[in-house]
Amino acid sequence: MNAQSKLDPIALRADFPILSRQVHGKPLAYLDNAASSQRPRTVIAALDEFYRAHYANIHRGVHTLSEEATAAYEEARDKLAAFIHAPDRRGVIFTRNATEAINLVAYAWGRVNVGPGDRIVVTEMEHHSNLVPWQLLAREVGAELAIVSVTDEGRLDLESLDRLLQGPVKLVAFVHVSNVLGTLNPAQEIVARAHTVGARALVDAAQSVPHLPVDVEALGCDFMAFSGHKMCGPTGSGVLYGRPELLEEMPPFLTGGGMIRRVGRLDATWNDLPWKFEAGTPAIAEAVGLGAAVDYLSAVGMEAVQAHERELTTYALERLGKLRGVHVVGPPAEERSGVVAFTVDSIHPHDLAQVLDLKGVAVRAGHHCAQPLHERLGLRATARASFYLYNTCEELDRLVAGIRKAQDWIGS
Amino acid sequence: MIPGDQVTQLYREHILDHYRHPRNQGTLDDADISSEMDNPVCGDLVRLDVRLKDGRVSEARFSGHGCVISMASASMLTEEILGKTVEELEALQDEDVFDMMGITLRPVRAKCGLLPLRVLQEGLIKLDKK
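Taken in order, these protein sequences are the chains called A and B.
Going by this note's numbering, the residue at position 397 of the first sequence is 397; the numbering climbs one at a time, nothing skipped.
Numbers given in this note's numbering equal positions in the second sequence, counted from 1, plus 1000.
Some clues are possibly wrong.
Reference excerpt, derived from the structure (chain A facing chain B, CB under 10 Å, subset only) [unchecked claim]:
| # | residue |
| --- | --- |
| 1 | I147 |
| 2 | I347 |
| 3 | L358 |
| 4 | A362 |
| 5 | A365 |
| 6 | C393 |
| 7 | I410 |
Read the hints as simulated data drawn from the structure, not as lab findings.
Where is the CB? At the ideal position from N, CA and C, for every residue including glycine.
Starting from the given sequences, assemble the full structure and let the hints guide the process.
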């Protein structure tokens, strides 16, 4: 496959066994990728192969299997580092998911570096996973949590960011791509502004790393978190990227086996990076599977993935925009990733999702773990269609037909 | 796996009728049982006001917002409980709601359908404490 060429979703679909199944007698149109993606055969095979032929615990045994398993696990780390252009593999920590990665920073970095009267800046479009850990930290240490507002068009209000940066700011934690609005935030710009006032910057990349090329060095961020299951990888796999010099200074998060160097009766010293932050037996096979997912995505090409999703988003916004009673939230296609949330007059999103399911179309309904954003938008819930490399315009036509059906059926 | 016709069943005419033309919508002043609860996952909210006369439900009203299933269930429940004693209300089970609606609900949608009953049950606990 040529990394530069346009991707062919029909050809790629053949790589994903689940996409050939039927739901309620209809071909599955899986449009819930922002919640979790599906996996290609190569990832499923990598898990299978690892368990069949190479599995043992890592970094412990001197026997052959343990050495093979350790090599596979560490090779996966190198693949992840290359995928996000991390300059140093020591900054790539395996976690269960983005949520755990952010909590790691909130506990290990936050409780040492944020104190009474300090300010933590987040945004109104955060997923709960990049909001609740900071709420807890702020409450615990007596810090202030300040929230950058979102404009009516679904963009971050950068003037409000600048105002909030005038103060004792220790951290700016923000989402790269909104899981509701789809907004692609100017991450590089936000990180630069945070650094200007001496604050650290954490990027929640759960919706960006799976969908577009991401270069942590170019972003300049101090921390970045993402989940494997949203990028064709296994559940229970995720990554925290951190600048090694910051990770070095941080105390450990979870403690126990694997993360120690030496343990005495009353005291212990810590292992080197990255293992200092990987306590206990990690999700070994899942990390290996995530490595296979990264191989798959790299072969397709992240530029091609982004371009394909842009095409789908443009088409979806055009078709939904023409439907009576349908209201899309968020910015125009050129400013967003493949996420389209919307409401339909007099139809609750749950009912809409149920009717769509009957047509084989899988979408999410609810607040998508972003309640403050829904409050800001004056909405209780939305329906959300989110795309990936294997989705087609034909599936979007089925989404539109399903919405019409729900309007006929339920709309009064 | 649940066959398609069972999902179609969810939106059967009598359910849609209760959704489009809700019975007993509103609130009651000085209700004997009054309670409100939401389902944070989908934002549904149901309030129930019940007036008792001679130990039996004489009037019931519901208000709130939500999906077809939660609103139809609330509307039906206000009819279902008329004339019942407090003991009979306390004896109501999840199965009674499914029977009342005449449908089976998968776990996620069961939360929608059972929300009005949960509101009633909370109201009854408060009544006990009065």
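Hints and how they fare:
The criterion of a C-beta within 10 Å of any C-beta in chain B is not met by A:I147, whose closest approach is roughly 20 Å, and the hint is violated. With 10 Å as the threshold, the beta carbon of A:I347 comes within range of chain B, its nearest partner Cβ sitting at about 8 Å, so the hint holds. Hint on A:L358 holds. Least Cβ distance to chain B is approximately 5 Å, under the 10 Å limit. A least Cβ separation of about 13 Å between A:A362 and chain B goes past the 10 Å threshold, and the interface hint is therefore violated.
Given hint, A:A365 at the interface with chain B, holds; its Cβ is 7 Å from that chain's nearest Cβ, closer than 10 Å. At a threshold of 10 Å, the smallest CB-CB gap from A:C393 to chain B is about 25 Å, leaving the interface hint violated. Annotation: interface hint on A:I410 holds; nearest CB of chain B at approximately 6 Å, less than 10 Å.
Checked against the numbered hints above, the structure breaks hints 1, 4 and 6 and satisfies the rest.
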